[in-house]
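Student: Assemble the complex: chain A is given as a structure, and chain B must be docked to it using the hints.
Protein chains: 2
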Amino acid sequence: MAQEAAVTAGPRSGARRQFLNDPDDVVAEALEGFARAHSDLVRWNRDPSYVIRADHGAHGSKVGLVSGGGSGHEPLHTGFVGRGMLDAAVPGQVFTSPTALQVAAATQAVDTGAGVVQIVKNYTGDVLNFRIAAEIAQDEGARVQQVLVDDDLATDPQLTGNPDGPGRRGTAAVVAVEKVCGAAAEAGADVVEVAALGRRVASSARSLAVALEAPAHPGRDRPSFDLGEHEVEFGVGIHGERGVGRRPFAPAAELLPQLTAPLVESLGLRRGDAALVIVNGLGSTHPLQLSLAYREVTRLLDGLGITTARSLLGSYVTALDMTGCSVTLVRLDDDLLRLWDAPVRTAALTW
Amino acid sequence: MAQEAAVTAGPRSGARRQFLNDPDDVVAEALEGFARAHSDLVRWNRDPSYVIRADHGAHGSKVGLVSGGGSGHEPLHTGFVGRGMLDAAVPGQVFTSPTALQVAAATQAVDTGAGVVQIVKNYTGDVLNFRIAAEIAQDEGARVQQVLVDDDLATDPQLTGNPDGPGRRGTAAVVAVEKVCGAAAEAGADVVEVAALGRRVASSARSLAVALEAPAHPGRDRPSFDLGEHEVEFGVGIHGERGVGRRPFAPAAELLPQLTAPLVESLGLRRGDAALVIVNGLGSTHPLQLSLAYREVTRLLDGLGITTARSLLGSYVTALDMTGCSVTLVRLDDDLLRLWDAPVRTAALTW
Numbered sequence: 001m002a003q004e005a006a007v008t009a010g011p012r013s014g015a016r017r018q019f020l021n022d023p024d025d026v027v028a029e030a031l032e033g034f035a036r037a038h039s040d041l042v043r044w045n046r047d048p049s050y051v052i053r054a055d056h057g058a059h060g061s062k063v064g065l066v067s068g069g070g071s072g073h074e075p076l077h078t079g080f081v082g083r084g085m086l087d088a089a090v091p092g093q094v095f096t097s098p099t100a101l102q103v104a105a106a107t108q109a110v111d112t113g114a115g116v117v118q119i120v121k122n123y124t125g126d127v128l129n130f131r132i133a134a135e136i137a138q139d140e141g142a143r144v145q146q147v148l149v150d151d152d153l154a155t156d157p158q159l160t161g162n163p164d165g166p167g168r169r170g171t172a173a174v175v176a177v178e179k180v181c182g183a184a185a186e187a188g189a190d191v192v193e194v195a196a197l198g199r200r201v202a203s204s205a206r207s208l209a210v211a212l213e214a215p216a217h218p219g220r221d222r223p224s225f226d227l228g229e230h231e232v233e234f235g236v237g238i239h240g241e242r243g244v245g246r247r248p249f250a251p252a253a254e255l256l257p258q259l260t261a262p263l264v265e266s267l268g269l270r271r272g273d274a275a276l277v278i279v280n281g282l283g284s285t286h287p288l289q290l291s292l293a294y295r296e297v298t299r300l301l302d303g304l305g306i307t308t309a310r311s312l313l314g315s316y317v318t319a320l321d322m323t324g325c326s327v328t329l330v331r332l333d334d335d336l337l338r339l340w341d342a343p344v345r346t347a348a349l350t351w
Numbered sequence: 001m002a003q004e005a006a007v008t009a010g011p012r013s014g015a016r017r018q019f020l021n022d023p024d025d026v027v028a029e030a031l032e033g034f035a036r037a038h039s040d041l042v043r044w045n046r047d048p049s050y051v052i053r054a055d056h057g058a059h060g061s062k063v064g065l066v067s068g069g070g071s072g073h074e075p076l077h078t079g080f081v082g083r084g085m086l087d088a089a090v091p092g093q094v095f096t097s098p099t100a101l102q103v104a105a106a107t108q109a110v111d112t113g114a115g116v117v118q119i120v121k122n123y124t125g126d127v128l129n130f131r132i133a134a135e136i137a138q139d140e141g142a143r144v145q146q147v148l149v150d151d152d153l154a155t156d157p158q159l160t161g162n163p164d165g166p167g168r169r170g171t172a173a174v175v176a177v178e179k180v181c182g183a184a185a186e187a188g189a190d191v192v193e194v195a196a197l198g199r200r201v202a203s204s205a206r207s208l209a210v211a212l213e214a215p216a217h218p219g220r221d222r223p224s225f226d227l228g229e230h231e232v233e234f235g236v237g238i239h240g241e242r243g244v245g246r247r248p249f250a251p252a253a254e255l256l257p258q259l260t261a262p263l264v265e266s267l268g269l270r271r272g273d274a275a276l277v278i279v280n281g282l283g284s285t286h287p288l289q290l291s292l293a294y295r296e297v298t299r300l301l302d303g304l305g306i307t308t309a310r311s312l313l314g315s316y317v318t319a320l321d322m323t324g325c326s327v328t329l330v331r332l333d334d335d336l337l338r339l340w341d342a343p344v345r346t347a348a349l350t351w
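Taken in order, these protein sequences are the chains called A and B.
Note that UniProt numbering has the first sequence beginning at 1, numbered continuously upward.
Note that UniProt numbering has the second sequence beginning at 1, numbered continuously upward.
Don't read these hints as lab results, they were simulated from the structure.
From the three backbone atoms N, C-alpha and C, an ideal C-beta is built for every residue, glycine too.
Any given hint could be a false lead.
Far from chain A, some chain B residues (derived; all Cβ distances over 12 angstroms) [unchecked claim]: (1) SER39; (2) ARG43; (3) ASN45; (4) PRO48; (5) HIS59; (6) ILE132; (7) ALA187; (8) ARG200; (9) GLY243; (10) ALA274; (11) ALA293; (12) ASP333; (13) ASP334.
Covered stretches of chain A, as calculated for chain B (at least 3 residues, CB under 8 angstroms) [said to hold, decoys possible]: (14) 34–40; (15) 182–192; (16) 240–253; (17) 281–287; (18) 291–298; (19) 311–321.
This is chain A alone, in the form it adopts within the complex (with noise of 0.2 angstroms):
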């Protein structure tokens, strides 16, 4: 057995090494690891897979949280169970939807009576699995409401000319979404307040991302993509697919303005706004890499005379070892501000 594990997740040429045994099971084992670890904060239930809040039910009734998605983007979602945050985390195999029946399960052990909020990224499968999931636990008497984040402009329909698509995508905006109803069902919000909140948080947030390099899935032994030389990848989005076009490589004084400039443009920001900025590693990019990111990201928007209220610095929404960054912008007002404020306990977020 170890041979054989060792023969799939031994490199190739030019391959990347990682720390695996099958690589079928490298979810499961990862999802067993980050369960030991906080076993203070989360509990994960093996089959059908889901991780939960170790104390769920002990603080009697309130809106439930669920969210989910493929794996390989770490520390999102279960590194946002918690005290203040989600109450349920589903994780697919990587870059892979969680089935419906894990999502109903969830969703279902979550439910206090007060009712299930779930926050579901734009991607096809997600919609589908969590609208079906919806359906299983209304069926047995749950009130569910969906909220769904497709903070992505680089598949905007009014830029990529595709009215008919999917739709942006969702990305980084999901942790704004996630902390701003938790805050919300933790202070007794009901289950359609929760859910207009994290619509409202939706609507005010726009994304870009840029990839140096592609990632590698567990156990393949090649990038998703190669790049030139002296190019970038613009548009990418978390799942190790292709952006909108290739960009000329440049310095950071140059590349984050193009990633930050679209986002101000479509939000409508003005002299004067606040908002939430993120500045989010996309699974490889260094902290020395972001915070210089970050500082470039802010000089325009000081320059614009818009507020950076609050931030997030650091990797919260990968693409398994993807290098490069996304830029979130979340137009922020009082309410928004006080919710993102109130204290969060979780793997991930904290304070």
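Tutor: Just chain B, lined up with the frame of chain A:
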């Protein structure tokens, strides 16, 4: 200027693209970004360069805590500046010690009259420059104590057979030393007590690391060493240098015990003992991979009857974008456990 930077920063054949402008400015620009993102916690003194708690001096007199070293290891040390941990961090250029004048300035800045503890990783340049800085500060009337962190078993003289060498390097155990000393200082311990606790943590800690891929310096176009297709670099430090030897690539269930078992032996851990377990990403290691590695480490400890009393799982002490991980074990007693559990609020560690 931008044109010039583009040429400097541009990758050549097989190179890694990075977010940067002029490579000479990467540390300063990243520090500016870091301080912008965490203005509630820290401020950056540009010249001489150090990062200091934003609320320094606001809470009366307490032992000051300073650490530092070359950059490229972020979030270490700047990410650990804040309540319950460091008062200041002194960053050098990438993989280069800060100057004695930088360290002396930070030491004097955090001295409220209760003395200062310097936490120094065991590298020749750091040891030398912190010693000179301590003498400068002492000449100005400060009481300065030093804690040397030397946890890297790969460079243990007993194993390398070089008793006249610099001894064990300081690596991820420095996080535990900073946490415990920070909690003690916050609780009002005096400068001798804080230093003694730090030394107790350092002497109770051992680490080993393995690299799956070498890092590349900012602005350089090649990894710092090459690995064969079926090799890993065993016993690496955190400066992109080669380790103590090449070993065959193997499944995680074989690689992680190679890191963990020697630590158990070196510390003389036995059935019933309690340990802090740090599984630390070296820069580009995805959370999925780290969680999987953590599973292997703690399964081994479970089998030996050693209790994983506390753990830290994530990328805390990095070597630029090296792929790989380190494992650190710290023998815990009730005092250390209590100090580890005390509240902390920094950019990289909060509970």
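Student: Each hint needs a verdict: does it hold in this structure or not?
Tutor: Here is how each hint holds up against the structure:
1. SER39: violated, 9 angstroms
2. ARG43: About 15 angstroms separates B/ARG43 from the closest Cβ of chain A, which puts it past 12 angstroms; holds.
3. ASN45: holds, 16 angstroms
4. PRO48: holds, 19 angstroms
5. HIS59: The claim stands: B/HIS59 keeps its Cβ more than 12 angstroms from every Cβ of chain A (closest is about 19 angstroms).
6. ILE132: holds, 26 angstroms
7. ALA187: holds, 21 angstroms
8. ARG200: B/ARG200 is indeed farther than 12 angstroms from all Cβ atoms of chain A, at 25 angstroms.
9. GLY243: holds, 14 angstroms
10. ALA274: Check passes; 15 angstroms lies beyond 12 angstroms.
11. ALA293: B/ALA293 is in fact no farther than 12 angstroms from some Cβ atom of chain A, at 5 angstroms.
12. ASP333: holds, 20 angstroms
13. ASP334: Non-interface label on B/ASP334 holds, nearest chain A Cβ at 18 angstroms vs cutoff 12 angstroms.
14. 34–40: holds (count 4)
15. 182–192: violated (count 0)
16. 240–253: That given contact holds, which follows from 5 residues of the region 240–253 of chain A lying within Cβ reach (below 8 angstroms) of chain B.
17. 281–287: Holds, because 5 residues of the region 281–287 of chain A bring their Cβ atoms closer than 8 angstroms to Cβ atoms of chain B.
18. 291–298: Our answer is that it holds, as 7 residues pass the Cβ test (under 8 angstroms) against chain B, meeting three.
19. 311–321: With 5 residues in contact (Cβ-Cβ under 8 angstroms with chain B), the coverage given for the region 311–321 of chain A holds.
Violated hints for the displayed structure, listed by number in ascending order: 1, 11 and 15.
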